[in-house]
Amino acid sequence: MTGAGPFHPLRARLRALRTAAFGADPSGERLRRIHSSPNFSDGSFQNPIGAQTRPSGASLSKFARIYFEKEARARRSPSGTVPVHATTLADLARRPASGLRLTWMGHSSVLAEIDGRRVLFDPVWGQRCSPFDFVGPRRLHRVPVPLASLGTVDAVVISHDHYDHLDLPTIRDLVGSGTVFAVPLGVGAHLERWGVAPDRLRELDWNETTDIAGLRLTATPARHFCGRGLRNRQHALWASWAVAGPEHRIYHSGDTGYFPGFADIGAQHGPFDATMIQIGAYAEYWPDIHMRPDEGLRAHLDLQGGVPAGVLLPIHWGTFNLAPHPWAEPGEWTRDAAHEAGQAAAFPRPGEPFEPAGVLPADPWWRAVSAPLTPAWRRPERAKAPAEARRGDLDPA
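Take 3 as the starting number for the sequence shown in the working numbering and just add one per residue.
Calculated from the structure, these hints are not laboratory results.
Beta carbons: idealized from backbone N, C-alpha and C, even for Gly.
One should not assume that every hint holds.
What the hints assert, rightly or not - What follows is a list of derived Cβ distance ranges for each label pair:
1) Glu249 / Phe70: 26 to 34 Å
2) Ala199 / Lys64: 22 to 30 Å
3) Asp201 / Gln270: 24 to 32 Å
4) Ser100 / Arg369: 27 to 35 Å
5) Arg35 / Pro171: 24 to 32 Å
6) Arg35 / Ala74: 38 to 46 Å
7) Val137 / Arg34: 31 to 39 Å
Just need the whole structure built from these sequences, with the hints factored in.
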C-alpha cells in the first residue's frame, strides 16, 4: 500500500506543521526558468564566490556555548526601551525637498521616497521572524508606524526569503494595497501562495531589470543563501537591488557577505546617492554570508568607485537578536569606521526620516539603552582585512 509503514504518521505530522508561513516550492514555468538560470547549477543557485552558509562541527559547538551563555545573552538586547521616532507619519506627509528621503523602520525595512515614488524594502512588521507566532527571535522595539497608515507604496522590494526579510503577516497586509512586488527569481512562489496575483510580480534573476512607476529596479548579485525550512533546496535566489529614478540612485544590499562584485555593481549602476548596507548579525561562524561593519563600509566604498561619496545607511541591526555580538555594537562600530574613512553615514532612530542631501541624523541614540561597549573591533584579531573574510571557510577552533 502506497505510503504505508511505521513512518507514515510521522511524515503526515511533519507535513501538517508546514503552515502557509513556510511558503511554497517553485514549479511549472517558474521552475523551468530557475533551471535555465546562469546562476543555477548542481541543483541549486550558486554564490558569486564560494560561501559556507552555516557553522558546523567544532564551530557549531563553540557557537552554541557562546550564544546561550547567560551574561552574553544579556548584552545582545537593549537594557531599556529603544527610542522610536515619535512623528514619523507627520514627517512623511511633507514631500522631501531634495526628491530623496529614507526612513529606516528597523532591521532591513526601509521606505525610500525617490523622485516622487515610494519603494518599501524588505518590510517586516511582524512580532517574530519565524514561521510560528510562539517561538523565534522577537522584535526588540515597536514598529514606528502601522503598516496600514503608511499610505501608497509603488513597489515592494524583497531581497530574499529568510523570515527576517520576507514576513507572511506583512505581505498579507500588503496584498490588498495594489502595490507591485519586485523579488528574486523563485521567491514569487511564496508570494503567490499568500495571495499576490502573478501580474503584480516582477521576478528577476541577477542583472535583470524591471521598470515600475518610472523607476528602474535591477536585481544585483549578493553572497548569501535562501530557505524557509529544514528542507532547503536553494531554489529561490537572493539579491541586492539598485534602484534608479530620473534624478537619484539608491542601493539596498539585502543580506550578503563581502565579495569583489560590489565594485562591478557600482560601475554599472552607481554612483549612488545613498546605500542601505547590512552591518549586523555577523559572527566568525558565518563570515561568508553576513558583513561586519568594517566590511559594510568597504562595500559602500566599492559601490562608490573606491572613494567616500553619497550616504551610508546601516541596516540589519537593532531590531532582532540574531547573532552573538552585543546589541549596540553594529551601530557603534559603523559610526567609528565611517568617521575614520571620512564617509558620511546616517544613524536615525527607527522611523526617523532623513534626506541624504540634508542634515544627517548622527546622534548615537543606542548608548542610552545599552551596556557600555569595549571597542573590540580595534583589536588586531577583530580587524581582519576583508580578503580574509572571503575565504569561504570557518574558524575550526
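Now the hints, each set against the structure:
{"no.": "1", "hint": "Glu249 / Phe70: 26 to 34 Å", "result": "49 Å, violated"}
{"no.": "2", "hint": "Ala199 / Lys64: 22 to 30 Å", "result": "47 Å, violated"}
{"no.": "3", "hint": "Asp201 / Gln270: 24 to 32 Å", "result": "29 Å, holds"}
{"no.": "4", "hint": "Ser100 / Arg369: 27 to 35 Å", "result": "29 Å, holds"}
{"no.": "5", "hint": "Arg35 / Pro171: 24 to 32 Å", "result": "28 Å, holds"}
{"no.": "6", "hint": "Arg35 / Ala74: 38 to 46 Å", "result": "44 Å, holds"}
{"no.": "7", "hint": "Val137 / Arg34: 31 to 39 Å", "result": "36 Å, holds"}
When each numbered hint is compared with the structure, violations occur for hints 1, 2.
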